[in-house]
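Chemist: Respectively, the protein sequence lines represent chains P and W. With the first letter of the first sequence counted as 1, position 299 gets the number 331 in the numbering used here; the numbers rise by one all the way through. With the first letter of the second sequence counted as 1, position 144 gets the number 439 in the numbering used here; the numbers rise by one all the way through.
Calculated directly from the structure, the hints in this document are not laboratory data. Hints should not be assumed to be uniformly reliable.
[Said to hold, decoys possible] Listed below are the simulated DSBU-like cross-link pairs for lysine-lysine, each with C-alpha atoms no more than 30 Å apart in a straight line:
no., chain 1, residue 1, chain 2, residue 2
1, P, LYS206, W, LYS409
2, P, LYS206, W, LYS412
3, P, LYS322, P, LYS149
4, P, LYS149, P, LYS206
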Amino acid sequence: MAAVTADQTTQGTAGTADEAEAGRLAAFDATVAADDRIEPRDWMPDAYRASLIRQMAQHAHSEIIGMQPEANWISRAPSLRRKAILMAKVQDEAGHGLYLYSAAETLGTSREELLDKLHAGRQRYSSIFNYPTLTWADVGAIGWLVDGAAITNQVPLCRCSYGPYARAMVRICKEESFHQRQGYELLLALSRGTPAQHEMAQDAVNRWWWPSLMMFGPPDDASAHSAQSMAWRIKRHSNDELRRRFVDICVPQAQALGLTLPDPDIRWNEELGQHDYGEIDWTEFQEVLKGNGPCNEQRLTQRRTAHENGAWVREAAAAYADKHAARAGTAGTAAQPVEATA
Amino acid sequence: MTAALALGDDALVLSHRLGEWAGHAPVLEEEVALANIALDLLGQARMLLSFVGDEDQLAYLREERSFRNVQLVEQPNGDFAHTMARQLYFSIYQHLLYEELATGEGEFADLAAKAVKEVAYHRDHAEQWVLRLGDGTTESHERMQLALDALWRYTGELFEPVEGVDVDPHALRDGWLAAVTSVADRATLALPSGPQSGAWAAGAGRQGLHTEPFGRMLAEMQHLHRSHPGASW
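The task is simple: from the sequences and hints, build the whole structure.
Modeler: Set out below in structure tokens:
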């Protein structure tokens, strides 16, 4: 629990405005330093609020855009069991998006506002989802590598200083771990299957390995938000630290899968007790972030189109709710049974 | 086994169509809801097809003329109103059918008892949306009416007798018509002029005669499986 709430601090005290501000900041800093949680009604610095909105929105958008590369294979899943697993996973991602938008809304923004920013290209989503799913094995590679990288990034967020975000991450990480195991198992079945299936699995790992490493963000010396996020305990570990941890996890898993990682420079460093690995193509990373990746345009267009095509449905839901609220003598759309973003 | 194949194919094909909505739904809640319904139906399909043989062989290696689903479920998604009209017609049919099967002692009693709970949700979801769209805006009202009209001709087939399904088709039809009429009334919509009209045309999906979009749907669904004969996934 935070030491001081916004309500308490607005009560008249003897000090000047500056002193009051300093007091609120001190209380905030003490809460963070004590590893307690900041809650929605607590006072927080504007920059902390803005930084969280930026990060949580990007996280929510990633869940929503991330449905596309996998949904691309729902209609072609090669067995009914795999089809059920994939549909359940894509459904979970929509659910994660909902948790995260709700959590972001506790900071005074709205889902509609955030989606508008996504559609206008003013907020980002994870660079990884700008890569295409070209074969069925890509679904497994996404589960193993992309979800694996996401979990490595997100488990520390379960202890992040902002309560609603931390609680959302606890729920999300449980489901993500499940997806990651299923992706690994999918790749294992392919790797141990026919030669054509094995080749399909290796090809997918070759294409998804480097983009997965890029999910951890720019190197520490080029990361704009890292230092402040770590000071605020939104973030617990640096990009490079998490990236290396991920490589250390993946190397033995690739061996168990019977697949290779497409990096001749990966080797165990006895002295440091960790793996060395090759140089990431940061030019490619920057290009993808700038909108020049293979699927940036396609992903955003599909999202915008779904939203625009759905406008009349959301308007209908809102109109219906208003009519029935009016008939029931209650005000507004609060009673509508399904939340519409219209 | 005609019955298990007929009911299994209904669930399999409708599940596939709903799966096509993933990433395209009008609101995030519907991404969750449509996937949820698709998953329930896929679960039913897998159980029903397993009564007949290997689920994957049946799903992926039969050709169009061997599928026994009604034509209603294979209809393309269209706009959200078309999808909801299809859901309304089918889920009320399936709910009444499974309620009946669940009380009997036939081979589907256990499956129907489990599935009827899921289908009650699907029915509620479809009814709620038909109400919202019918009684929402002018545009949504028009779209919902068009959708009910367009799919009406595929509803007659739901009440053709199926070998091995021990339910009186006439009673099923009466119950279905009453339920659909009630929803349409409350939604300020009109049903096409009724079972005696020419619109009440029975299709022949149960005999393996399908509509043109179905072949393309199967081509997509089966392509990968057929490209790797004998492989496991």
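Chemist: None of the hints should be skipped; say for each whether it holds.
Modeler: Verification of the supplied hints:
no.: 1; hint: P:LYS206 / W:LYS409; verdict: 27 Å, holds
no.: 2; hint: P:LYS206 / W:LYS412; verdict: 27 Å, holds
no.: 3; hint: P:LYS322 / P:LYS149; verdict: 16 Å, holds
no.: 4; hint: P:LYS149 / P:LYS206; verdict: 29 Å, holds
Of the hints listed earlier, there is not a single one the structure fails to meet.
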